Every structure is written in C-alpha cells, then in structure tokens.
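Colleague: Take a look at the letters that make up each chain.
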Amino acid sequence: MTISYRMNATSVAIVFCLFFVSTLIWASPIEDRQQIRAFYQQLFPQLKLADYAQGVYAIDPDAKASWLAIEEFPPYELALEQGEILFKQPFANGSGYADCFANKGIAIAQNYPYWDKQKQQIITLASALNECRQNNHLPPLAYGKGEISYLLAYMAFTSRDQLINTQIPDDSPAALAAYLQGQAYFYQRRGQLNFSCASCHLDNAGKYIRSEILSPALGHTTHWPAYRLNTGEMGTLHRRFMVCNKLIRAPVDPAQSNALRQLEYYLSFMDFGLPLNGPSTRK
Amino acid sequence: MSTIKIRSKHLADYTLVRTLIAHPMETGKRKDDDTGELIPAHFIQTMNFYLNQQLMSQCQMGVGVAKNPFFSFHIKATQPGDIISISWTDNLGYSDTAKHIIQ
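Same order as they appear, the protein sequences are chains A and B. Sequential numbering from 3 applies to the first sequence in my numbering. Sequential numbering from 503 applies to the second sequence in my numbering.
Keep in mind the hints are simulated off the structure, nothing from the lab. Source: prediction; values computed, not measured. Be careful, since some hints might not be right.
Said to hold, decoys possible - A few chain B residues that face chain A, going by a derived Cβ cut-off under 7 Å, partial list only:
{"no.": "1", "residue": "A524"}
{"no.": "2", "residue": "R532"}
{"no.": "3", "residue": "K601"}
Unchecked claim - BS3-like mimics (lysine-lysine), calculated; alpha carbons at most 30 Å apart, straight line:
{"no.": "4", "chain 1": "B", "residue 1": "K533", "chain 2": "A", "residue 2": "K66"}
{"no.": "5", "chain 1": "B", "residue 1": "K533", "chain 2": "A", "residue 2": "K248"}
{"no.": "6", "chain 1": "B", "residue 1": "K578", "chain 2": "A", "residue 2": "K106"}
{"no.": "7", "chain 1": "B", "residue 1": "K531", "chain 2": "A", "residue 2": "K66"}
{"no.": "8", "chain 1": "A", "residue 1": "K121", "chain 2": "A", "residue 2": "K90"}
{"no.": "9", "chain 1": "B", "residue 1": "K569", "chain 2": "A", "residue 2": "K248"}
{"no.": "10", "chain 1": "A", "residue 1": "K248", "chain 2": "A", "residue 2": "K106"}
{"no.": "11", "chain 1": "A", "residue 1": "K90", "chain 2": "B", "residue 2": "K569"}
{"no.": "12", "chain 1": "A", "residue 1": "K248", "chain 2": "B", "residue 2": "K531"}
{"no.": "13", "chain 1": "A", "residue 1": "K147", "chain 2": "A", "residue 2": "K119"}
{"no.": "14", "chain 1": "A", "residue 1": "K285", "chain 2": "A", "residue 2": "K147"}
{"no.": "15", "chain 1": "A", "residue 1": "K66", "chain 2": "B", "residue 2": "K569"}
{"no.": "16", "chain 1": "B", "residue 1": "K569", "chain 2": "B", "residue 2": "K531"}
{"no.": "17", "chain 1": "B", "residue 1": "K533", "chain 2": "A", "residue 2": "K285"}
{"no.": "18", "chain 1": "A", "residue 1": "K248", "chain 2": "A", "residue 2": "K209"}
{"no.": "19", "chain 1": "B", "residue 1": "K533", "chain 2": "B", "residue 2": "K511"}
{"no.": "20", "chain 1": "B", "residue 1": "K533", "chain 2": "A", "residue 2": "K90"}
{"no.": "21", "chain 1": "B", "residue 1": "K578", "chain 2": "A", "residue 2": "K147"}
{"no.": "22", "chain 1": "A", "residue 1": "K50", "chain 2": "B", "residue 2": "K533"}
{"no.": "23", "chain 1": "A", "residue 1": "K147", "chain 2": "B", "residue 2": "K531"}
{"no.": "24", "chain 1": "A", "residue 1": "K90", "chain 2": "B", "residue 2": "K507"}
{"no.": "25", "chain 1": "B", "residue 1": "K578", "chain 2": "A", "residue 2": "K66"}
Where a beta carbon is used, it is the ideal one built from N, C-alpha and C, also for glycine.
Modelling step: build the complete structure from the supplied sequences, incorporating the hints.
Modeller: Here it is as structure tokens:
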C-alpha cells in the first residue's frame, strides 16, 4: 500500500516536473533561432552572420584560401551551363520550367522551402521542379545528382545574394509541427554511432573529426547544389543529408522524404536572412 | 557550345592561363552499372596550346587523366591582345578548339 502510494507520488512528481521543465524549455521558433545564433556567436566571435554562408571555410583559413582559388574558375561551371540550357529548353507542349515558377524562375530560390497550406506539406525547390515536370506529363527526375542538380545550379545562380526567406506561417499549426519535427530530427541521436546532426555540427562545430573541421549548422542550406571534390560531381542538399546518415551508420531516409524535407525546413528557418551563394564547390 | 573554357589573369611576373575541358575521359576498363558491359574507351590523346598561332606546348594524354581535365599554364611576356588557342583530339577522332584573347 505504501509502496504504491509512493510510486503514485513519484510519478505525479515526475509528470509535474516534465510539465514544468517543458514549459520552461519550449521556445518559439524565433527564440530557437536566437539561441542557436547566440551559441555560434559565442563560439566564433570573429564571424558576422553573412560569413556563415561560406560554411566551414569561414572558420578554416587554409581551406578558405584554396577554396577561393578554386572559385576563380570553378568546376561547377560546366553544370551551370548545362542547367541553363535545360532550363530554357521548352517541353514538348511548348511551356517550360520558367512557366511553373513565380518571376519566370529567376531569383526565387530564397523562397524555398516553404509550407504549402493547400497541400499541407513542405515544398522544396527540387520537389517543385519535379512537380512542374509532372504537370507537363514528363517523368520526374531522380533526386540527388544529375540533371536535377544542373537545373538547381542554374536556379541557385540566378538567386545569388538573395536572402533566405523561409517562414513559418502563423495561421498554420501543421507548419509549426513540421518545423518541430525537423528540429527533433536535428537533435535525435541515431545509427550505430549514436550521433545526431547536432552532435557534430552544434556541440563540436569547429573541432576536428579526423583531418576535417566540422562546419557549423548555421549556413548549411545556403550553397546548394555543390560540386563535391570527393565525388567529382554536383550533388544536392538531400544527397548530402543521406551521406551524413550513412556515415553515422543510421537508416538512410531517401531524398525528398518527409523527414529530410522537415530537416531542410528547420535548417532554412535557422538560416533566415543569410545570403544564398550556390552553386558552390565543397571539399 | 564549346567544350573548352579558358581564363587568363595577370600576376606579378607572368600570365596565368587556365583551361577546363568537358570530356568523359573513359578508360575502357569501367563497367556500366546496369548492363555490366564495358564502357568503350574515350579519352583525349593530344592537347595543343598555341600563343599567337605558335605551338607552345603539346600534351600527350592517356586514360590516367581525370574526367573534365583542368590545366593551367604560366606564360611570361604576354601583351594585351595576344591570342591563346587550345585544341584537343581524342581517340575516337573528335576534336574541339577554342580561342581566348588576353586582356
């Protein structure tokens, strides 16, 4: 009798504590963003907000020097040229990619990803491209690399220096839920190595992992698609997410799956106001 | 669209000329992921580098060079208006050439 009474009391206390703590910890997305930025500000006091768009090169002077040398004659130029041709090529029915987007698809990448109230899901630039193809009775492109990365390269290039404008609509609780799931994905440990995104890119940002310096999570969505020097080809943001999951030996969520879209939504919201500088070259 | 991109830049005591060539550079040893058949060799064999129509350098290339090869050259004593031209020929008989005027 006493035992069960004690247990009841403990569980009530635990529930009360959880409730109390959660009301204390729960912060609005904008407060999350302020906290993350304050954290990085303390970690890298020498950086201004826009510097985070350079990724790891903002905190690694040696790598930055070689990166700047590569950017003078960047290897993504071939993909960019091909992307422009693909983008301007009309479909069989006479319309083209430009007709599917606001402002003819020029300088709009900063508005993606966004929450679509009618479809009740996150629309990324890559998914919008494939939706455009579907509306014109064309088979969707494979996400990750190849043709879609060339198209994204051209669209990113026309959007250079635009400021990321990802918002969470106030009147849409489902958008907030998607953001929170993206945030949970960022902090959730998983895989055989039991790492979360935050383990490397928040807790240990700026430290070495073997020979490489870990990049801060702030700025992770600014520069896609990227020509990776390790693969020698263009890759999309979601491909990079997949590689991360593989490296920590976790189940790999496919590109443009709900989980990765939510992660992109969360990261883009953190990056609000950062300049876009894609396509880019990365190690 | 030319497969050859050329850029030049003046540095302290020389001009840096850089070129990026779009080419598959297939070795002939790789297999197609889907069919399992060998992909036929297709690689650049010679690349010529001219300054004002005078041959400055000839590269004999083989399958050891990576896809989309990148080269850079240092040239002393160039003047604005000098013309650089670069051309390549591959083992299947394809070729391309491109010109660039030094500013």
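Colleague: Each of the hints needs a verdict: does it hold here or not?
Modeller: Here is what the structure says about each hint:
{"no.": "1", "hint": "A524", "verdict": "5 Å, holds"}
{"no.": "2", "hint": "R532", "verdict": "14 Å, violated"}
{"no.": "3", "hint": "K601", "verdict": "17 Å, violated"}
{"no.": "4", "hint": "B:K533 x A:K66", "verdict": "37 Å, violated"}
{"no.": "5", "hint": "B:K533 x A:K248", "verdict": "25 Å, holds"}
{"no.": "6", "hint": "B:K578 x A:K106", "verdict": "46 Å, violated"}
{"no.": "7", "hint": "B:K531 x A:K66", "verdict": "36 Å, violated"}
{"no.": "8", "hint": "A:K121 x A:K90", "verdict": "28 Å, holds"}
{"no.": "9", "hint": "B:K569 x A:K248", "verdict": "26 Å, holds"}
{"no.": "10", "hint": "A:K248 x A:K106", "verdict": "37 Å, violated"}
{"no.": "11", "hint": "A:K90 x B:K569", "verdict": "26 Å, holds"}
{"no.": "12", "hint": "A:K248 x B:K531", "verdict": "28 Å, holds"}
{"no.": "13", "hint": "A:K147 x A:K119", "verdict": "29 Å, holds"}
{"no.": "14", "hint": "A:K285 x A:K147", "verdict": "16 Å, holds"}
{"no.": "15", "hint": "A:K66 x B:K569", "verdict": "25 Å, holds"}
{"no.": "16", "hint": "B:K569 x B:K531", "verdict": "14 Å, holds"}
{"no.": "17", "hint": "B:K533 x A:K285", "verdict": "27 Å, holds"}
{"no.": "18", "hint": "A:K248 x A:K209", "verdict": "21 Å, holds"}
{"no.": "19", "hint": "B:K533 x B:K511", "verdict": "40 Å, violated"}
{"no.": "20", "hint": "B:K533 x A:K90", "verdict": "33 Å, violated"}
{"no.": "21", "hint": "B:K578 x A:K147", "verdict": "41 Å, violated"}
{"no.": "22", "hint": "A:K50 x B:K533", "verdict": "48 Å, violated"}
{"no.": "23", "hint": "A:K147 x B:K531", "verdict": "23 Å, holds"}
{"no.": "24", "hint": "A:K90 x B:K507", "verdict": "21 Å, holds"}
{"no.": "25", "hint": "B:K578 x A:K66", "verdict": "28 Å, holds"}
Against the hints set out earlier in the document, violations occur for numbers 2, 3, 4, 6, 7, 10, 19, 20, 21 and 22.
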